[in-house]
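Chemist: Letter by letter, the chains look like this.
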Amino acid sequence: MSDKPAADSLNRRRFLAAAGIAGTGAALSAASAFAAEGGKPDPLITEVQDWNRYLGDGVQSRPYGTPSKFEKDVVRRDVPWLTASPESSVNFTPLHRLDGIITPSGLCFERHHGGIAEIDPADHRLMINGLVDRPLVFTMEDIRRMPRVNKIHFLECAANSGMEWRGAQLNGCQFTHGMIHNVMYTGVPLKVLLDEAGLKPNAKWLMLEGADAAGMNRSLPIEKALNDVLIAFAMNGEALRPEQGYPLRAVIPGWEGNLWVKWLRRIEAGDQPWQTREETSKYTDLLADGRSRRHTFVMDAKSVVTNPSPQAPLKHKGRNVLTGVAWSGRGTVKRVDVTLDGARNWQSARIDGPVLDKSLVRFYVDLDWNGQEMMIQSRAIDSTGYVQPTKEELRKVRGVNSIYHNNGIQTWLVRTGGETENVEIG
Amino acid sequence: MSRLAKILLAGVLGGSLAAMPVVDVSAQQVAAKSSARIGLGRPALPEEIKAWDTDVRPDGKGLPVGKGTVKEGDVLFQERCASCHGEFGQGVGRYPVIAGGLGTLKADRPDKTVGSFWPDASTVFDYIKRSMPFGNAQSLTDDETYALTAYILNLNDVIKDENFELNEKNFASVKMPNAAAFYGDDRETAEKHFWKKDPCMKDCRAAPKVIGRAVSVDVTPDSKAGPKVD
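Protein sequence lines correspond, in order, to chains A and B.
For the first sequence, my numbering begins at 1 and goes up steadily by one.
For the second sequence, my numbering begins at 427 and goes up steadily by one.
Among the clues, some could well be false.
[Unchecked claim] Derived pair list, reagent style SDA-like, types lysine to any residue, alpha-carbon separation capped at 25 Å:
hint: 1; chain 1: A; residue 1: K396; chain 2: A; residue 2: G198
hint: 2; chain 1: B; residue 1: K476; chain 2: A; residue 2: G198
hint: 3; chain 1: B; residue 1: K635; chain 2: A; residue 2: W165
hint: 4; chain 1: B; residue 1: K628; chain 2: A; residue 2: N370
hint: 5; chain 1: A; residue 1: K396; chain 2: B; residue 2: A606
Just so you know, these hints were derived from the structure itself, not from any lab.
In this text the structure is predicted, and so the values were computed from the model without any measurement.
The whole structure should be built from the sequences, with the hints applied where relevant.
Modeler: Written out as structure tokens, the structure reads:
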């Protein structure tokens, strides 16, 4: 403030007037095409604005940059009734406010089982033991001296859309589909670390264990571990965020998020799976016949239209951008189809941006909307030929008590006024 | 003193920065033994492995020497666990129900408890030992963990005798009622029909009708319910 002249009363009045105009928000912006018809010039153009006259904040006023204050609603949100305590809970990525394929680190959904462990990297240790020639302990400095790679991958919680098995329940794609994020990881291939310890020939499974208050542990088949698993210390070019496992986490491309152990402190090699709580009592899929699938690691192809969606209704007739994201744990997304009439007719969407292995893709349909009611869906087709099923097709195989791996096609009903709802159609 | 200052000072005291070893000599020696290895990391000591390696498998591998009875577990459970799980494992609020539910897995609303659902008793021991009580993890002794496991299995009628003592020798003989109901991922065969050659693009179905609406359920948090970001 000190190096900026104070606004005089005239300027303040002008500012308030401008704010008042902006305050009428939705209606005006919806009618922006008609403003010229009134013939009245736009004061935002004809009058000098404060930001156009007075100096703004200098460098270093924001040593770690954060989004504009006008973006304050773009935050992770939770559903308090879902869980018993916030330490063992989940919140959701605001998909409807994002674009491109990279999720900003601060908006990546969180899932903790014992809260966020706050660990000084100098105090962090990674142990490899079990069926290895040389049980080893690594410091973070050791890990940062190893060959590293960069990979962009989605992480989807197996329970994403899990509240929707019995029908449309949560009215917003943040809540129905927001347990996913897609970032660039920097890390050491797990194979490099295992080679240091020397796997014994009978090592068939690994157990990954976290340093958090849940001591999260999961079993991982050795083939996957040696194939494409990373032990990552960075996301989107900077250190992992605390809530994403700082200083070290596992990256298990294409497989359910629960396996991506955060605050990773130990890897044990064994000759069979451990059948931990998270791979037996949770993250198994109870089917209608009372039996349960386990070790359902791969995340099947899935997609969702993020705009329009209940939190992002249509505000304009005429030209609009319909957009969404698609992904597959089995490879790349080959095609995304979109329907506007509830699956009677489909068109292939335009995919823009990188199409990478086990990563989100961004798709668009440049849409002319005349105000008619729409039933919008998207369906992803992946490089293995898997076609995202309808919810009804999924229920036929799995019933409604699976909780996990609901990759069924989502329907948004866009009403004539543009309001958009989560519905199921039959 | 900053790290850099320390290094610079060490360099001055040592006479020359160039004289400081860039790579740990012992690491070099280790690396020289195998060309595939870099030689980073140091041997994990037996005491360190013992401290962290508490995991237990269904075949009993990893079980510590110890013992505890159902009765001992009852006392401990009421002290340390009942505030969340309820006196008889029935759950308080939304905290997990850990007993009962037998025969409900095909029901409209299954109760997935230790007795009705969990396939392995070892999971109970492993999980309690590493993460319970919630908020005070790893505070239970091995004997206490045996006792609590015995009590929870008793609540679920897996162990019927209140005087039963669970220990590392008899543990693997405990069989869980739902163990046989788990099988490996078979999606690639059971859901083979999701791999379709040419998904329909035109006139694929009759006019759809809305059959369910999230707004009727009305459980979505208010859009203004997010955290304050000021």
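Chemist: Please go over all the hints and tell whether each is borne out by the structure.
Modeler: Structure-based check of all given hints:
The hinted pair formed by A:K396 and A:G198 fails the criterion: a straight-line CA distance of about 46 Å is larger than 25 Å. At most 25 Å may separate the alpha-carbon atoms for a hinted pair to count; B:K476 and A:G198 meet this at roughly 20 Å. Using a Cα cut-off of 25 Å, the hinted pair B:K635 and A:W165 holds, with the two alpha carbons roughly 19 Å apart. Of the supplied pair hints, the one linking B:K628 and A:N370 holds, its CA atoms being roughly 21 Å apart against a limit of 25 Å.
A threshold of 25 Å between alpha carbons decides the hint, and for A:K396 with B:A606 the separation of about 23 Å falls inside it, so the pair holds.
Checked against the numbered hints given earlier, the structure breaks only hint 1 and satisfies all the rest.
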